[in-house]
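Asker: Below, each chain spelled out in residue letters.
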Amino acid sequence: MAIVTLFASPLEWISQPWHWSISGVAIAGILFLMTWMGRSFGVSTAFRNFCTMAGAGKKYDFFDINLKDENWRLAFVLGAVLGGFIGAHLLTSPEAVAISSETITHLKENFGISYPQGGGFLPTEIFNYSNPKGVILTIIGGFLVGFGARYGRGCTSGHAITGLSHLQLPSLLTVIGFFIGGLLMTWVIMPLIF
Amino acid sequence: MTKSEAVSWFRIHEMFRFESFHMYGIIGTAVVLGAIIIAAMKRFKVKTLRDTMVGYMPMQLHVPRHLLAGSIFGLGWALMGACPGPMFVMLGQGFGIFALVILSATLGTFAYGVVKDHLPH
Numbered sequence: 633m634a635i636v637t638l639f640a641s642p643l644e645w646i647s648q649p650w651h652w653s654i655s656g657v658a659i660a661g662i663l664f665l666m667t668w669m670g671r672s673f674g675v676s677t678a679f680r681n682f683c684t685m686a687g688a689g690k691k692y693d694f695f696d697i698n699l700k701d702e703n704w705r706l707a708f709v710l711g712a713v714l715g716g717f718i719g720a721h722l723l724t725s726p727e728a729v730a731i732s733s734e735t736i737t738h739l740k741e742n743f744g745i746s747y748p749q750g751g752g753f754l755p756t757e758i759f760n761y762s763n764p765k766g767v768i769l770t771i772i773g774g775f776l777v778g779f780g781a782r783y784g785r786g787c788t789s790g791h792a793i794t795g796l797s798h799l800q801l802p803s804l805l806t807v808i809g810f811f812i813g814g815l816l817m818t819w820v821i822m823p824l825i826f
Numbered sequence: 009m010t011k012s013e014a015v016s017w018f019r020i021h022e023m024f025r026f027e028s029f030h031m032y033g034i035i036g037t038a039v040v041l042g043a044i045i046i047a048a049m050k051r052f053k054v055k056t057l058r059d060t061m062v063g064y065m066p067m068q069l070h071v072p073r074h075l076l077a078g079s080i081f082g083l084g085w086a087l088m089g090a091c092p093g094p095m096f097v098m099l100g101q102g103f104g105i106f107a108l109v110i111l112s113a114t115l116g117t118f119a120y121g122v123v124k125d126h127l128p129h
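Chains A and B, in that order, give the protein sequences. The numbering used here puts the first sequence at residues 633 to 826. The numbering used here puts the second sequence at residues 9 to 129.
Calculated directly from the structure, the hints in this document are not laboratory data. It cannot be assumed that every hint is accurate.
[Stated by the list, open to error] Listed next, the stretches of chain B that the computed footprint assigns to chain A, with coverage defined by at least 3 CB atoms under 8 Å from CB atoms of chain A:
(1) 27-33
(2) 113-119
[Said to hold, decoys possible] Derived BS3-like pairs (lysine-lysine); straight-line CA-CA distance at most 27 Å:
(3) A/Lys690 to B/Lys55
(4) A/Lys690 to A/Lys700
(5) A/Lys765 to A/Lys740
(6) B/Lys55 to A/Lys691
(7) B/Lys55 to A/Lys700
(8) B/Lys124 to A/Lys690
All values derive from a computational prediction rather than experimental measurement. Using N, Cα and C, we set each Cβ at its ideal position, and we do this for glycine too.
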């Protein structure tokens, strides 16, 4: 019984949502490890590797890359899938994500999205395979992320985290671009399509 | 990422509406600490495990490219509420729709590889 209590309380503690600073420190820790490994931390290049795996390198030089040097990145994304599984199923938070009441009101009144749903992680009423509109938006959204990330040579991890930590001006401009697009979608396009 | 809710669609929406400090706290902490770590590694000339020096492959400055590419990415980021890393985390959480997101992102990447010579760089 004593052992159960000993294991139960840290598990209960770790199952609570974590403070944002813990995540910030963890991301900086990942940046340190990747840099120490002699790699440049960035996730979106994994999509380029998938293209290479599918054989795109035969026709397009852009995808003709040596995957041996990319094993660490593929391991990282597999780890992310595993981490998501552990976080959601073994360390399940007792309550849905505590987003602000203004956001909840806005979603309800302007988009007709009730909260919580999807455990506070995703508006599953829209984004699911049986909703044609959701499927179309998903394809468009994923495509824009993949295209924009490669055109800009990096995504949030490569520019907002790694590039800014290296004080790179191109990265700062790219992050400003992320917000131009993000604000346009959130404030102008979403009210039209939701 | 799951436990700090950074992979939540709702958190990203809230961030773009400026209705919470949460995401800015995460990114801000990561960047400030990251900049200190990188500066220290450069200052003390830390060798990486691959026997190289700490550096960043510089990107040629091309303002329209950065802003345009960033904006295209941002549109997708805000719509899906996930950037590339969280897409994999959300798939692991069991949101199957993210298999389609990852596939579409791969197609988007492929499309860039095909048309890249026609874009301003």
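Asker: A separate judgement is required for each hint: does it hold in the structure or not?
Answerer: Going down the list of hints, with the structure as the test:
1. 27-33: holds (count 6)
2. 113-119: holds (count 7)
3. A/Lys690 to B/Lys55: violated (36 Å)
4. A/Lys690 to A/Lys700: Distance ~17 Å between A/Lys690 and A/Lys700 Cα, so the pair holds.
5. A/Lys765 to A/Lys740: Satisfied, since the Cα-Cα distance of roughly 19 Å is no more than 27 Å.
6. B/Lys55 to A/Lys691: violated (37 Å)
7. B/Lys55 to A/Lys700: holds (22 Å)
8. B/Lys124 to A/Lys690: holds (17 Å)
In this structure, the earlier hints numbered 3, 6 are contradicted, and the remaining ones agree with it.
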